[in-house]
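Chemist: In case you want the letters, here they are:
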Amino acid sequence: MDVLIYLIPIALFLGLLGLAAFLWALRDGQFDDLDGAAERALFDDD
Amino acid sequence: MTTSSLALQPQDGTAEPGTSQVQPESAAFMVENAHCGGCLRKIEREVGALPGISSVRFNLTTRRLSVQHDGALGRTEEVAARMGALGFPARPFDPDALGSADAHAEKMLLRAMSVAGFAAANVMLMSVSVWSGSDMGEATRSLLHWFSALIVLPAVVYAGRPFFKSALGALAKRQTNMDVPISLAIMLASGMSLFETIRGGEHVYFESAIMLLFFLLLGRYLDRRARGKARHAAESLLSLDNTSISVIGADGRQRLLPSKDATIGMRVAVAAGERIGVDGRVVQGRSEVDTSLITGETVPAALDIGDQLFAGTLNIAAPIELEITAVGEDTLLAEIVRLMEVAEQRRGRHVVLADRIAGWYAPVVHALALATFLGWTLLMGAAWQTALLYAVSVLIITCPCALGLAVPAVQVIASGSLLKRGILLKSATALERLAEVDTVVFDKTGTLTEGGVMLRGDLDVAEVDLRLAASLAAVSRHPLSKAIAAASPETAPAVGVEEVPGMGLRLQTEAGEVRLGSRRWCGIDAETEDETGPELWLATADGRYVHFTFDDHLRSDSEATVADLQARAFSVAMLSGDRPKAVDAVAETLGIARWQAACTPADKVEKLEQLAADGHRVLMVGDGLNDAAALSAAHVSLSPASAIDISQAAADAVFQGARLEPVAETLRVARSASDLVRQNLTLALAYNVITIPLAVAGQVTPLIAAICMSASSLIVVGNALRLGRGGSSWTS
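Protein chains in written order, with the numbering used here: chain Z, 43 to 88; chain Y, 17 to 748.
Simulated from the structure, these hints should not be mistaken for lab results. A couple of the hints might just be wrong.
Claimed, not checked - Looking from chain Y toward chain Z, a few residues come up when the C-beta cut is under 7 Å (computed):
{"#": "1", "residue": "L76"}
{"#": "2", "residue": "F134"}
{"#": "3", "residue": "N138"}
{"#": "4", "residue": "S182"}
For each residue, glycine too, the CB sits at the ideal point set by N, CA and C.
Could you put the whole structure together from the sequences, leaning on the hints where they help?
Modeler: Structure (structure tokens):
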């Protein structure tokens, strides 16, 4: 069970990384225009 | 959206085109008619190609365009003009002044939800280990409990704020709402779990507390988003007094000023085609003004020196100069906004069903928890810690997770399915109020009818005269001219037509002069006939006079919709500001027995209040400024998307498109939604009836609590989803 000492912090760290990435994306405005983003994916020229 | 200020801030009045003192600026616009990826691409490409533009970003969700430009004077106008030419009318606005509080609240909810989601997922890692680890040592279990506490406690403090704040707000007013029991359950569950962790106890409820929070935040966020689009539509009202105006200084030079910086007595130049940003009196020039935004009147009014003009109207014919008579809070527009706020507050007293339930639910549940505690300590002689544990588990299990989701889950799906049909719900309580409606009152112009001017279909005009008139009319932007040109679309515009603002058009031909315009313009004695509707006269070169009259067409499905509503036992009435003759004709065609013509806005409100006093729940459907007060006064209101912004702001929901059928559709969806909400509440209460005895008996372990809460939430959401699935049957 000693392995828990490493595994739990690692699991939490990875989780926090994901949360941080999401909060960054939110602050960066990537969720401001979900409809537009869906359409932009189809454009050829940019 | 980038943070930016309205472009055209006065740079000491020194910034002129071409000078090097300009600084990069950003400008934001509200855009109409752009709904698809193709529009998005076209807008960004075409606007980006304009000189001096460094970046363009169009937000398809909020229909707003933000542009970075080099700051030269007039860039905002250039962009607006280009957008107009592309068929996407754009209006500049100040993003800082608009809905930033709302946007902030939405982001706050999303952040809280993501934190709660993260914590819930990770704490489950610990909890599932504890639940399944039957041979787990006390030390390991304690370690896992401490880790859980480490994750959950900060997350609860951060993510629980929306609920805590709202609960405190309600308690401060000596009321309860749904957030009071929610907050209490979350705080008690966390606090007691911490206590148990310190004590080295067996059962902690960290995962229940955070899961509860996550589910509730999810419901609340979705609920907010569903109404976001409609809010954006209505916000454009506020952009009106953010236009810039060109002020004429003492030295005769013009400079641009945001209209909020204007003062009374300033002289303002208004170009032809410019929207007027202030209330003022004409001091020079003669023109025509389009007041459709304020009055809903589609025919432009003539304008002469001394006439009063209001912010929001459009100068169409010729340049004029105004002297400002009112600014800011004193303008007509501000006055109307104020009136509507008063009406809105009156309506704000409607208590949502969920809060009405919370009003008796919370005391009952809290009394039950107290009884459990007292029962176990006094009657069963249990230790107070154990008794407290059982009492808190009663609170956790009864925490209205399902109850809190019961209404939002249905609302999200109902507004989503309405949105697909082009109906935007603005008010949170609109669905509840719509379901109670028994009477539908329509406005006539712009609601039952399409609201535009069109050449009368039954007009007795020779083909040759119509073509002659159309050849003159094609060069003019006047609405009546446009209507004539539209009646004969293949006619090419004549060369050499001269337009005299406020009077009409003339064309020199070999045979003599041809005129198209008002009676006076064509030389007809003004008092010969008592004509009511808008009219135009054509004076031909050989001295004949031809009379054109205009009317307004019914929406294509007005008759079917009214019949449908009457068949479903709604009582239908019509209140119009128009002439009795015109209203009677429409009422007869549509089969509406109860109608009243020549209503002032106050008459309409009075009539609605009288209906309400008779115990009717009235749905008002209207579009004009004269309906705005009535829309606010009715039990619930709908407005077409073609309505003026003020009416859209007053209405609870806005429908798009040329058809009237969405009115019936909205009522149908609202009734189904109301049924589902009732079912959901019954399910949530049934769940409590089953689980509360378990909790009181002290049989609810954290695992059982987690399963029960998830199951009840899933059942409620699943039941709400039936609304979406039944969708196909409504359209047929």
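Chemist: Tell me if N138 of chain Y is really an interface residue toward chain Z, meaning its C-beta lies closer than 7 Å to one of theirs.
Modeler: 5 Å, holds
Chemist: At a threshold of 7 Å, is the proposed contact between L76 of chain Y and chain Z supported by beta-carbon distances?
Modeler: 4 Å, holds
Chemist: Would you check whether F134 of chain Y satisfies its interface hint, that is, whether its CB is within less than 7 Å of any CB in chain Z?
Modeler: For F134 of chain Y, the interface hint holds, since the closest Cβ of chain Z sits about 4 Å away, which is under 7 Å.
Chemist: Against chain Z, with CB atoms and a cut of 7 Å, does the hint on S182 of chain Y hold up?
Modeler: 22 Å, violated
The structure fails hint 4 only (numbered hints given earlier).
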